[in-house]
Amino acid sequence: MKGTAESMNYVVVDLEWNQAMSSKSSVFNKLPIHLGGEIIQIGAVKLKDDMTPGEEFQIDVKPI
Numbered sequence: 001m002k003g004t005a006e007s008m009n010y011v012v013v014d015l016e017w018n019q020a021m022s023s024k025s026s027v028f029n030k031l032p033i034h035l036g037g038e039i040i041q042i043g044a045v046k047l048k049d050d051m052t053p054g055e056e057f058q059i060d061v062k063p064i
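Counting from 1, one number per residue, gives the positions in the sequence shown under the numbering used here.
Fair warning: there could be bad hints in the mix.
[What the hints assert, rightly or not] Derived EDC-like pairs: lysine to aspartate or glutamate, alpha-carbon spacing no greater than 16 Å straight-line:
#1 K46 to E56
#2 K46 to D14
#3 K62 to E16
To be clear, the hints were calculated from the coordinates, so they are not data collected in a lab.
Start from the sequences, fold in the hints, and give me the full structure.
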């Protein structure tokens with residue numbers, strides 16, 4: 001639209017992972033199963049027009 005300023009919406013997303021065990025670990029080959037990295041928490045913050053934090057979202061995720 002001519003003559004109007006458009007605003008942008010920004011969302012910062014953070015994914016928290018459990019750390020997959022290194023195959024170089026002395027315990028790694030002794031385990032009956034091998035675990036990969038999994039997302040365990042998701043967070044997000046919507047930034048306001050002045051780029052300050054606004055609405056927040058956080059959820060824990062149950063790794064399988």
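Going down the list of hints, with the structure as the test:
1. K46 to E56: 6 Å, holds
2. K46 to D14: Given that 16 Å is the threshold and the Cα spacing comes to 12 Å, the pair holds.
3. K62 to E16: Given pair K62, E16 holds - Cα atoms ~12 Å apart, limit 16 Å.
Checked against the numbered hints above, the structure breaks none of them.
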